[in-house]
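Colleague: Taken in sequence, the protein lines are chains X and H. Residue 33 in our numbering is what sits at position 33 of the first sequence, and the numbering runs on without skipping anything. Residue 527 in our numbering is what sits at position 527 of the second sequence, and the numbering runs on without skipping anything.
A couple of the hints might just be wrong.
Reference listing, derived: stretches of chain X covered by chain H, where coverage requires no fewer than 3 residues with Cβ under 8 Å from a Cβ of chain H [claimed, not checked]:
#, region
1, 77–89
2, 109–115
No farther apart than 20 Å at their CA atoms in a straight line, the calculated lysine to aspartate or glutamate pairs in the EDC-like style are these [as the list claims (entries may be wrong)]:
#, chain 1, residue 1, chain 2, residue 2
3, X, 118, X, 136
4, X, 219, X, 240
5, X, 307, X, 325
6, H, 366, X, 64
7, X, 219, X, 277
8, H, 366, X, 67
9, X, 307, X, 343
10, X, 219, X, 26
11, H, 366, X, 26
The hints are simulated quantities; they were obtained by calculation from the structure and are not laboratory data. Note that the Cβ used here is the ideal one computed from N, Cα and C, for glycine as well.
These are the residues of each chain, in order.
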Amino acid sequence: MTAAPGARKGDDGALALTGITRRFGDYTAVDDVSFEVGRGELLAVVGASGSGKTTTLRIAAGYEVPDSGTVTLGGADITNVPPERRGFGMVFQHYALFPHMSVAHNVAFGLEARGVNKTDRLEKARQALAAVGLQEAGDRAIQSLSGGEQQRVALARAMVIEPRALLLDEPLSNLDPTLRQTMRDDLRAMLRRVGVPALFVTHDQEDAFAISDRIALLKLGKLLQCGTAEDLYHRPVSREVASFIGRGTILPATDNGATASVRIGPYTAEIPVVRGDSVAPRLEHAYVVVRPDALELVGTDDTRAWKGRILNRRFAGGAVMYRVELGADVTVEVESASGTAREGDLVGVAPTRGPFPLVPR
Amino acid sequence: MIAVPVMLLLLWTVVFPNAAVIVGSFENGLEHWREFAASPADREALRTSLVISIASVFASLAIGIPLAFLLGRFEFPGRRLLRAVATLPAALPPLVGVIAFLFLYGESGVITRTFQSALGLGEAPWRLQGVSAIVFVHAYTMYVYVFLFVSAGLERFDATLDEAASGLGASTWQRLRRVTLPLLMPAVAGSSLLVFMNALGSFSAPYIFGGGLRVLSTQILASKINGAMGLAYVETTVLALSAIAGLLLFRWIDRKRKYTLASKGGRTRRVIQSRRAQILTAFAAALIVITLVLPHLMVILVSFARDGVWTTQVLPPEYTLENYRRLFSEPQLWRPITNSVSMALIATAANLVVCFLAAYLIVFRKFSGRRLLELLVALPWAIPATAIALGLAATFNQNDLLSGRVLLVGTFWILPLAYFIRDIPLVASAVEGSLRQMDPSLEDAARGLGASWMLTMRRVILPAARPGLVAGGLLAAVTAVGEFVASVVLYTHANRPISMEILAQLRALAFGTAAAYSVLLILLVLAMTLAARSFEERIA
């Protein structure tokens with residue numbers, strides 16, 4: 001067995017997916033995906049819709065069997081173990097709370113399935129509800145709960161069975177924006193406390209940044225990169241990763257090793273670069289990732305700057321975002337603290353806050 | 001895999017008998033088909049069947065659409081009462097509706113006699129016979145489909161569409177013709193199909209009012225009684241093919257439609273202002289209410305009439321509790337009641353089990369035979385009951401395990417089987433409806449929490465299916481307990497159901513006893529409805 005990229009080796013009880021492929025007819029939903037989640041670690045599987053992230057989660061949970069590849073838990077192969085015998089806790093996107101049962105019976109259901117007697121399981125359900133801050137809600141009907149409360153009940157139901165791993169499908173997507181902010185912190189704290197591998201799927205990179213320890217980025221069924229949020233943002237391994245994560249413009253460049261030259265119009269900038277893990281030391285077709293916060297608006301007479309015209313100015317709270325047209329079809333975004341420049345102004349754009357990620361085509 | 005036994009059972013009970021009929025029609029090559037084509041009686045029967053079905057559709061539309069508009073769009077004195085009784089005809093078991101009409105509008109019926117004596121005529125002013133009589137009865141019982149469908153359509157109708165049209169300068173008539181009616185077309189088409197299928201398969205009205213008139217369903221029974229089974233098979237095949245052709249035609253018409261009514265309604269009823277119009281609508285409403293309730297009242301009244309003394313009088317002259325007393329005290333008369341109830345319960349129980357499994361498979365399982373299963377479950381709906389019954393008669397008439405035949409004809413079990421087959425589409429679609437409202441991830445959630453298949457079924461799937469099981473089971477039990485069309489082909493003396501006993505009493509001119517059975521049947525239906533409702537309320 002080859003080690004999964006980004007794996008934390010020797011971690012007992014870790015959940016590992018190795019070489020997972022799943023096809024539906026001609027369509028390959030998941031294509032040779034490998035990663036590992038250690039105990040107490042939070043891994044976010046991030047991708048747009050159709051990226052295969054939900055299928056990956058369902059394979060981890062046992063609802064789908066991969067065409068090839070293995071799922072292991074603490075080294076034991078569980079690829080063909082059905083979900084009812086995996087002992088995982090799962091939180092569904094729409095929570096999947098049983099509408100005909102009270103909150104307490106929902107939470108106690110997994111214990112009922114394990115043959116725990118009624119008194120004990122309701123007592124444990126009460127404790128689990130208390131752990132998510134819903135000690136009074138046991139007798140309530142599911143329909144009477146708010147979205148945030150439903151999510152907590154779903155979490156309590158998944159945790160009360162003392163799962164060997166926790167799986168969450170878009171756990172925050174049904175919450176309104178303000179609730180979402182507070183739930184991010186709560187969720188992270190609660191998942192940490194359980195101390196088992198936790199895998200959650202999201203299309204929202206902000207959620208992934210806020211909750212997870214590491215991120216696995218999927219596109220069209222392929223794993224593009226697996227690493228920390230900083231890895232993906234500052235050291236992307238490909239153009240695709242760079243364009244998915246964060247804002248920024250990707251410009252063609254000439255790879256000089258420690259630096260790269262980017263020519264736009266008459267000015268060629270020589271800028272320091274940084275390479276992600278698997279990026280080759282010399283690239284024939286290289287691109288630099290230019291984030292808005294790596295650029296600076298300067299005067300048109302500044303010799304370290306590309307020249308351009310401001311197309312659009314947008315106030316963004318602590319800073320002002322400018323869209324600047326540098327050439328016929330080169331537009332960059334620049335974050336500026338001052339915000340004195342106006343739309344239509346001619347400006348210089350200086351790449352002063354590097355290093356810049358360098359990625360292959 | 002539970003799909004295999006469910007599919008095999010349906011193939012055996014639904015497809016096999018009908019296939020046996022088709023095969024049987026060719027047992028002597030094309031001879032039976034030539035016989036059919038050469039028979040003027042059969043050609044007439046086919047034509048009459050189609051004429052009656054189409055006329056029933058138009059008559060039902062003519063009553064159902066205006067009534068839906070009147071009740072949906074206007075406020076007038078008596079509206080609530082009219083709304084309450086508008087669906088009453090559907091609550092009459094088919095045969096009971098027919099005999100109620102006989103008591104009212106037949107040659108010696110109350111209304112007929114009233115007119116006769118008021119006008120001083122020597123004989124009845126009309127005869128309740130032939131195509132018009134059958135269409136009359138059909139219109140009374142079947143307009144309810146049109147009324148319910150169009151009412152539902154009007155309720156979902158977006159009032160702003162109407163307002164937009166009038167804002168663009170359309171007159172009331174233009175709005176009706178160009179906006180309202182086109183958008184109601186799905187409701188009209190759907191209910192028309194229901195009426196068409198019901199009228200085509202209708203047996204009781206042609207059987208009792210037909211006189212010398214021939215329709216396919218009665219021809220089939222006549223051929224069977226005469227022992228001309230080959231011809232009966234051809235007639236059955238033709239009847240089933242007509243029904244399926246009608247079904248395909250309506251679906252084709254409906255497929256050309258490219259829009260759906262998606263909005264919530266929210267329109268207030270217009271209060272009728274002018275004094276004269278108010279009186280007129282109230283009067284019309286009263287008349288409709290009386291017409292709708294009369295058959296029920298008449299059956300109740302006649303059930304207290306002493307048998308054998310109602311001859312030429314307008315109303316029965318003597319009243320007694322004797323009819324009911326005999327029903328409950330004479331074993332011979334009590335038997336059909338226990339027969340019907342037990343056969344209906346057996347059939348319904350089988351429906352609940354099989355249709356629950358079928359609906360579960362259709363909604364939640366992806367497997368290669370799913371489309372076939374959907375078809376199998378819907379098929380009995382497209383095949384008239386007479387054809388189903390004849391198929392059973394042709395199939396389960398001998399013990400031959402090699403060809404999958406079991407001797408059921410002449411036994412108790414043939415009728416529960418027939419009822420079971422007839423009610424499969426009803427129960428399955430009710431359960432399917434409930435299961436489709438369930439979030440499919442609930443099943444995943446239960447399994448993920450460690451629940452076995454049985455526990456998931458018991459604690460998650462069954463509770464979700466419950467409303468459909470109760471509603472579907474109720475409908476199945478109600479139709480089975482009053483079933484007539486398949487029963488008349490298949491019953492024996494030992495398992496004769498209530499409907500056959502009503503017919504027998506009618507033939508013996510024991511109108512009071514026949515009516516007492518009818519009232520009992522209505523009460524049974526009522527009791528089952530109340531039981532189902534209280535069960536639902538206790539759980540929910």
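Colleague: Check the hint pairing residue 118 of chain X with residue 136 of chain X against an upper bound of 20 Å on the C-alpha distance.
Modeller: Roughly 19 Å separates the two Cα atoms, so the pair holds.
Colleague: Keeping to a limit of 20 Å between CA atoms, is the pair of residue 366 of chain H and residue 67 of chain X held or broken?
Modeller: holds, 18 Å
Colleague: Do the alpha carbons of residue 366 of chain H and residue 26 of chain X lie within 20 Å of each other, as the hint requires?
Modeller: It holds: about 17 Å lies between the C-alpha atoms, which stays within 20 Å.
Colleague: Regarding the pair residue 219 of chain X and residue 26 of chain X, is the alpha-carbon distance no greater than 20 Å?
Modeller: holds, 17 Å
Colleague: How does the region 109–115 of chain X fare against chain H when you require at least three residues with a CB closer than 8 Å, holds or violated?
Modeller: holds (count 5)
Colleague: Taking only the CA atoms, is the gap from residue 307 of chain X to residue 343 of chain X under or equal to 20 Å?
Modeller: holds, 15 Å
Colleague: Holds or violated: are the alpha carbons of residue 307 of chain X and residue 325 of chain X at most 20 Å from each other?
Modeller: Status holds; Cα separation ~8 Å.
Colleague: Can the restraint linking residue 219 of chain X and residue 240 of chain X be considered satisfied, given a maximum Cα separation of 20 Å?
Modeller: Status holds; Cα separation ~8 Å.
Colleague: Please verify the coverage claim for the region 77–89 of chain X: does it have three or more residues whose C-beta sits within 8 Å of some C-beta in chain H?
Modeller: That given contact holds, which follows from 8 residues of the region 77–89 of chain X lying within Cβ reach (below 8 Å) of chain H.
Colleague: Take a quick look at whether residue 219 of chain X and residue 277 of chain X sit within 20 Å of each other, Cα to Cα.
Modeller: Judged against 20 Å, a Cα distance of about 19 Å means the pair holds.
Colleague: Under the criterion that the straight-line Cα-Cα distance not exceed 20 Å, is the pair residue 366 of chain H, residue 64 of chain X satisfied?
Modeller: holds, 13 Å
The structure is consistent with each of the numbered hints, conforming to all of them.
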